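Keeping their order, the protein sequence lines are chains C and Z. Going by our numbering, the residue at position 67 of the first sequence is 397; the numbering climbs one at a time, nothing skipped. Going by our numbering, the residue at position 75 of the second sequence is 335; the numbering climbs one at a time, nothing skipped.
Derived by calculation from the structure, the hints in this document are not laboratory data. Quantities reported herein were computed from a predicted structural model and do not represent experimental measurements. Using N, Cα and C, we set each Cβ at its ideal position, and we do this for glycine too. Take these hints with a grain of salt, some might be off.
As the list claims (entries may be wrong) - Only some residues are given here: those of chain Z computed to face chain C with a beta carbon under 7 Å:
1) F382
2) A525
3) M528
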Amino acid sequence: MKSSRLFAWIALAIGATYFLVPLIGTFEFSLRMRRGEYSFDAYQSVFSDMQFRATFGYSMLMGLLTIVFGMLLVVPTAYWVRLRLPQIRPLIEFLTLLPLVIPAIVIVFGYLRLYNSSSFLPLTNSTNGTNLLLMFSYMTLSLPYMYRAVDTAMRSIDVATLTEAAESLGAKWPTILFRCIFPNVMSGVLSGAFITFAIVMGEFTMAALLNRPAFGPYLQFVGANKAYEPSALAIIAFAITWLSMGLLQIVSRFQKTAPVKA
Amino acid sequence: MATIPSFTLNRRTVIDWLGVAPFMIFAILFLILPTLYLVRGAFLTQEGAFTLRNIADLFTPTILSSYWISIRVSLASSLGGVAIGFMLAWAITLGALPAWIRSSLLTFSGVASNFAGVPLAFAFVATLGRTGLVTLLLRDWLGFNLYSTGFNLLSFLGLTITYMFFQIPLMVLMLTPALDGMRREWREASEILGASNWQYWRMIALPILWPSLLGTFLLLFANAFGAVATAYALTGSSLNIVPIVLYTQIRGDVLNNPNLGYALALGMIVITGLSNVLYLWLRSRAERWQK
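For reference, chain C alone in the conformation it holds in the complex:
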């Protein structure tokens, strides 16, 4: 048994090297801007760039809108399917998995052709229309994660009993949904929200092809034109992902302590 333990440590060492070296390398590179000594100049340069603030703010807003509208779409649907239409669950699950099957670039390609100026729904005609389309595309991208997170959270509550209890106390549908169901699946909503946020902040393909000034295309632009700022941005992006995932871990740990009924 001793040798297998040694092997486990070796495997871990290989993995750790693979993961840590690029991060250390990136961090070291981001400090090199001033000749001959390490400094945080690259970060300073990034943070003082107006475009950084503009695109970062844009993507953050997009992320928040995606989360709000995504949840307004996903939570009622997941609730309704559990309560009234369990027979179409496989279909809904299949649909929510589609964004993992169809590459993002293909989906956005379809949007560009389907919603151009001569179509029945000319979304790309105006700036706000394109913003709306980008939000829809982010909702599509995050659908697999959001739906699964919410559906898992819903499994641990008894949807039918909760609904009946609320109804017998005289609650109307909006009350049931927003004051009874939503608070009970909050952990799922939050996990879905954090992963969505991480996805939207770094997303490149859709924003670039729809020509919107998001953080992803900005990163690419800086990468093609500057030397040290990209690694500073990579560290910042990693920190954002880390923060989102860290919060997700905390939330899902909280979820596990709640009573689970399969």
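Chain C is already provided as a structure; the job is to place chain Z on it using the hints.
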């Protein structure tokens, strides 16, 4: 009397289906229709007549070679991801490592599997690029010039190494539950019956694990195949993998035939679709052992 229940039942059914209508409309508008539009376009000429020409044109050397390099990068990075990810998942489940290592590796994997796209390309340029940390350290400490060996980050090998950064953690996340399901009793029973370590793996562990292993491999493959941002930020359009060709095609019709672009997209859907369908099938097989 008999008509009233059937009427209420009908009304109820209608309300039931109305409840999922927003989701259905969303899915049709933003998933089904765009995809169908491209699929249909792949079989049309620019004038709108039916043709198989676009599909046939996929098999010209340039496009075929982009599919080939895409498939090779995806294969290599998912094989590497499966191999190293398997070792890591094994180490944290059955390797008797301290518990904190397990939880920190899983947390890290959650982060790293989502750390893709443009920043990942930056990270590898800063590490293995011409003035990257590893390149410089190898030169200064060992007198070894990485780039004189013909290594180039903007190549098949460079892209594979970069992709593995999100492939390995994905494998760890997907395989850890499967390895957790390996009961200690199975190993003990095999040992009591006199099986060697090798026999245990060949006749018990691998037959149980192979659907998970192969399934995850397929998922990683599709994951790498559809990725655009990392490759684009890393290589610009110098390495012609399919997603990049499609990207440049969308931006400026480089193939001089919009419908060939649709066929290119169709080819991607077919490849990622097939690997995902196989993955789902294998996962349902693998889950039988995880009950």
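Going through the earlier hints one by one, which of them does the structure break, listed in rising order? Every hint satisfied by this model.
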